[in-house]
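Enquirer: Sequence:
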Amino acid sequence: MYSSKFARLAFGLLAESKIKCRLTRNVSSKGKPLRSLCSWKVCQHHRLKNQLSNGLTRLNVRTVTQSTVDPTEVRKFQAMASKWWDLQGEFAALHSMNDLRVPFIRDNLLNVHGVRQLGKPLTGLRILDVGCGGGVLSEPLGRLGADVLGIDPVEDSVRTAELHSSYDPELRERVRYKACTLEDLAEEKIEGFHAVVASEVVEHLADLDAFASCCQQVLKPGGSLFITTINKTNLSYIFGIVAAEQLLRIVPSGTHDWDKFISPEDLERLLESFGFYVEAIRGMMYNPLTGAWSWQQSTAINYALHAVKPKEEPQPDRVWAESENLDEPGRATSHS
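Numbered per this note's numbering, the sequence shown spans residues 1 to 336.
Quick caveat, the hints were computed from the structure, so don't treat them as lab data. No false leads were mixed into what you were given.
Mimicking DMTMM-like on lysine to aspartate or glutamate, the simulated pairs with C-alpha atoms at most 25 angstroms apart in a straight line are:
no., residue 1, residue 2
1, Lys-189, Glu-173
2, Lys-76, Asp-257
3, Lys-178, Asp-147
4, Lys-120, Asp-168
5, Lys-311, Asp-209
6, Lys-189, Asp-207
Could you build all of it, start to finish, from the sequences and the hints given here?
Expert: Shown next as structure tokens:
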């Protein structure tokens, strides 16, 4: 009774809140993404600052030395490693999220690559599922025909994923798992993946710069990066921590740290500083009364993001030669 009343109150707060800046990007009838005015203004200065006169993007060279892995987060998920496939347990909301995130990944990849095979539209595409846990997202992507590698630093979670997928002959050749970190994989220096998926992961990482850098390294040119995560707002604190952890017990207490949440604007700026172009951001909402997710215009709580690594990388020597001339007095600079 108390949980139901709180949920209705919380949803009322969301409905009544006047969120001035909505970062939803819609698709026109011609299939071209349209940015909202607010979203464009947030990142316009950032783009102009990092563009060169010939339209190339300035390379931001960073030395990333930290690991993406937070030992505290690893211990949290170690304690839950055997519960990934309990549909009524701590990960029930993640299972339900597949209703949104799987089509989001599928449709955006099909826009880029086209349908490869009826019934298995992602056939021939290699997908890296970062922080795969027990394989809750890796399995449905494999059933769509993709070759999926799921990685996770929690070895017990990987063993759970391997055991569960072993019961489905369809997945044995398409989905495999590895207990490792993203930076371990990046060190192999292979641009082997058409897509990297990090769903409900970035809010648990220790170093987002290291994460973005590694994603850029393992993706093929033109590859896609898909992220779902939690915004850093007052509403996200109410829903993601107070309601979900302390009152409704949807997830265990202490699962999330609000200080590690990131806004769509900040995440977009971060990714673009590593050369990505953000194609789409959509708001998401979980209803604890029905156990279902839905798309929302507001990104105030949860959101999904799709970014793309450019197909052609600018030559470093040329980029730096051009960039040295940007600040010359009297030099006219145009931005394409």
